[in-house]
Every structure is written in structure tokens, then in C-alpha cells.
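Colleague: Go ahead and model the full structure; you've got the sequences and the hints to work with.
One line per chain: the protein sequences are A and B, in this order.
For the first sequence, the numbering used here gives the first residue as 1, with consecutive numbering after it.
For the second sequence, the numbering used here gives the first residue as 145, with consecutive numbering after it.
Please keep in mind that the hints were generated in silico from the structure rather than gathered at the bench.
In this text, all values refer to a predicted model and were calculated from it rather than measured experimentally.
Backbone N, C-alpha and C define an ideal beta-carbon position, used for all residues, glycine too.
Heads up, a few of these hints could be off.
[To be verified] Sample of chain B residues lacking proximity to chain A, with all beta carbon distances greater than 10 angstroms (derived):
hint, residue
1, Asn146
2, Ala153
3, Thr156
4, Arg158
5, Pro168
6, Gly172
7, Leu213
8, Gln225
9, Phe227
10, Gly228
[As the list claims (entries may be wrong)] Computed beta-carbon distance windows for the label pairs:
hint, chain 1, residue 1, chain 2, residue 2, range
11, A, Gly38, B, Gly222, 45 to 51 angstroms
12, A, Gly42, B, Lys159, 52 to 58 angstroms
13, A, Gly129, B, Thr205, 35 to 41 angstroms
14, B, Pro179, A, Met24, 47 to 53 angstroms
15, B, Leu216, A, Gln74, 28 to 34 angstroms
16, B, Lys202, A, Gly129, 28 to 34 angstroms
17, B, Ile203, A, Gly26, 39 to 45 angstroms
18, B, Phe227, A, Ser32, 43 to 49 angstroms
19, A, Gly38, B, Ala147, 29 to 35 angstroms
20, A, Val25, B, Gly222, 41 to 47 angstroms
21, B, Gly228, A, Ser141, 32 to 38 angstroms
22, A, Leu131, B, Val180, 33 to 39 angstroms
[Unchecked claim] According to the in silico footprint, chain B covers these stretches of chain A (three or more CB under 8 angstroms from chain B):
hint, region
23, 55-63
24, 79-85
25, 88-96
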Amino acid sequence: MSEIPVIPCARKHILFALKIAALMVGVALLLSLARQQGLLDGEWVLRANFVTIGLALAAYFNALPKMLDGSLPQSIRDATVAQGVRRVNGWAMTLAFLAWAALWAIAPQEFANIGAMAAVGAGVAVTVGYLVWKLVFCRASRSV
Amino acid sequence: MNAIFKALADPTRRKVLELLRQRPMSAGELSEHFPVSRPTMSAHFAVLREADLIEANKIGTSILYQLKLSVLEDALLGFTQLFGIGAGGRTTAEAAGEGLPKETREGADQ
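Modeller: As C-alpha cells, this is what we get:
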């Protein structure tokens with residue numbers, strides 16, 4: 001059943017990622033141009049660029065749990081673990097990049113710099129922690 | 145987006161998604177939780193598949209339903225559950241009949 005849509009699915013996901021990347025590059029170029037023309041100062045360009053990156057990556061991670069890899073799960077247990085990891089990863093990283101964008105939009109620059117990195121670091125830690133916990137839990141329940 | 149709101153408007157379909165949040169389940173396992181006929185449940189599954197909120201995969205001889213929600217859709221489901229949107233009035237069979245899609249994926253509800 002899900003053998004046929006693998007390639008169109010992958011193509012759709014790659015196109016989505018390319019659109020996100022193009023958006024980030026396009027906005028960065030426009031901001032650089034605006035700076036060269038003297039329309040924006042350096043701090044505004046930096047902030048706008050980081051807000052765009054944060055929102056674009058939040059949009060990407062929002063769609064991540066929907067991006068099934070197309071391969072059939074081998075068992076119900078595998079499907080359960082994969083679904084859980086996808087959901088936690090999606091939520092953690094979406095919230096992390098929304099926090100990143102919000103901090104770069106409103107916080108003082110020194111705080112935004114550290115806070116945004118901390119938010120994304122926390123998102124990665126939650127994802128990796130959940131993945132490790134699930135793998136350990138899975139291995140333990142298999143060995144019983 | 146309309147298909148997503150239509151799918152989330154029905155309490156039975158929301159309950160299906162809530163059950164699938166715990167773990168992927170077969171059509172039979174899901175149907176056990178509802179006092180409705182199998183064709184009605186199949187119609188609900190079809191509406192959810194059409195909205196791209198669930199995915200059906202074949203494991204062995206059974207069809208396994210898996211959640212396929214974006215973070216935004218997941219949050220929307222949480223809100224609709226919290227405020228009970230669309231909870232009153234219609235029976236689940238009526239709601240399923242209304243939302244029955246013209247085309248269903250062959251063999252997905254077996």
C-alpha cells in the first residue's frame with residue numbers, strides 16, 4: 001500500500017525543504033541590499049535575519065511529524081516508537097525555534113544571542129533524551 | 145484546511161485521533177472503543193485519511209492506523225478537545241455519512 005507513494009512523498013519533502021531554504025536565502029539577500037542602500041542598520045538586519053531563520057525552521061519542524069519516511073514499519077512496537085519520536089521532535093524543535101524567533105524579535109541582543117541558543121539546545125536535548133529513553137526502554141522490554 | 149476542520153469537528157474522529165496518540169492501532173482495535181457499526185467507523189477513517197491526519201499501513205495481515213499530525217494540527221486537536229467543539233447535536237453516524245469521501249483508498253479498511 002505505501003510502497004507506491006514513497007518517491008512522490010520524498011520529492012514533496014525535498015521541495016518543501018528547498019522552499020524554506022530559498023526563503024531564508026532570499027530574505028537574507030534582501031536585508032543585505034536594504035543595508036547597502038542605507039534603509040536598515042546592522043542590528044535590524046541581524047535581528048530580521050534571525051527572526052526569519054527561526055520562523056522558517058519552526059515551519060519546517062511543524063511539518064516534520066507529517067513527513068513519514070515512506071518505509072513500512074516492521075512491527076507495531078517500531079511504529080509506536082517512530083510516531084512518538086516524530087511527535088516529540090516536532091513539538092520540541094517547533095517551540096524552540098518559535099522561542100528563538102521571539103527572543104530575536106524583542107529581547108536585548110546579548111540576551112537574545114544566549115537565550116535563542118539555549119532554547120534550541122533545550123529542544124535538541126529533549127529530542128535526543130526522548131530518543132535514547134525510548135531506545136533503552138525498547139531494548140529492555142525486548143530482552144524481558 | 146477545510147478538510148482538517150471538518151475532520152476535527154466530529155467527537156468520534158477526535159476520539160480516534162486521541163487513541164492514536166497513545167500508539168498506532170488496527171481498525172479492529174479502534175472500533176472496539178466505539179458503539180458504532182464497522183461501516184460507520186470506516187467512513188470516519190476515510191474522512192481522517194482524506195484530511196491527511198492519519199496514515200494506513202499494512203503490517204502482516206492487518207491494517208495499522210498511525211497518526212500523521214503536524215504540530216499545528218496537534219495543537220488544534222488539543223484545543224478542539226479542550227473546548228468540546230462540535231460535541232453536541234449530531235450522532236456520529238450522521239457525521240460520518242456527511243463526511244464520507246467519494247474515493248477511498250482501496251483495501252485500507254480491511
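Colleague: Indicate, hint by hint, whether the structure satisfies it.
Modeller: The hints, checked one at a time:
1. Asn146: 17 angstroms, holds
2. Ala153: Holds: least Cβ distance 20 angstroms, greater than 10 angstroms.
3. Thr156: 21 angstroms, holds
4. Arg158: With a cut-off of 10 angstroms, arginine 158 of chain B remains clear of chain A, as the shortest Cβ separation is near 17 angstroms.
5. Pro168: Proline 168 of chain B not clear of chain A: closest Cβ-Cβ about 4 angstroms, inside 10 angstroms.
6. Gly172: Glycine 172 of chain B is indeed farther than 10 angstroms from all Cβ atoms of chain A, at 13 angstroms.
7. Leu213: 6 angstroms, violated
8. Gln225: 16 angstroms, holds
9. Phe227: Nearest chain A Cβ is 20 angstroms from phenylalanine 227 of chain B, so the label holds.
10. Gly228: 23 angstroms, holds
11. A:Gly38 / B:Gly222: 45 to 51 angstroms: 47 angstroms, holds
12. A:Gly42 / B:Lys159: 52 to 58 angstroms: 53 angstroms, holds
13. A:Gly129 / B:Thr205: 35 to 41 angstroms: Since the Cβ atoms of glycine 129 of chain A and threonine 205 of chain B sit about 36 angstroms apart, the hinted range of 35 to 41 angstroms holds.
14. B:Pro179 / A:Met24: 47 to 53 angstroms: 51 angstroms Cβ-Cβ, so the 47 to 53 angstroms window holds.
15. B:Leu216 / A:Gln74: 28 to 34 angstroms: 30 angstroms, holds
16. B:Lys202 / A:Gly129: 28 to 34 angstroms: 32 angstroms, holds
17. B:Ile203 / A:Gly26: 39 to 45 angstroms: Holds, since isoleucine 203 of chain B and glycine 26 of chain A (Cβ atoms, about 43 angstroms apart) stay within the stated range.
18. B:Phe227 / A:Ser32: 43 to 49 angstroms: 45 angstroms, holds
19. A:Gly38 / B:Ala147: 29 to 35 angstroms: Given a distance of about 48 angstroms, which is not inside 29 to 35 angstroms, the answer is violated.
20. A:Val25 / B:Gly222: 41 to 47 angstroms: 34 angstroms, violated
21. B:Gly228 / A:Ser141: 32 to 38 angstroms: Given a distance of about 36 angstroms, which is inside 32 to 38 angstroms, the answer is holds.
22. A:Leu131 / B:Val180: 33 to 39 angstroms: 37 angstroms, holds
23. 55-63: With 3 residues in contact (Cβ-Cβ under 8 angstroms with chain B), the coverage given for the region 55-63 of chain A holds.
24. 79-85: holds (count 3)
25. 88-96: holds (count 3)
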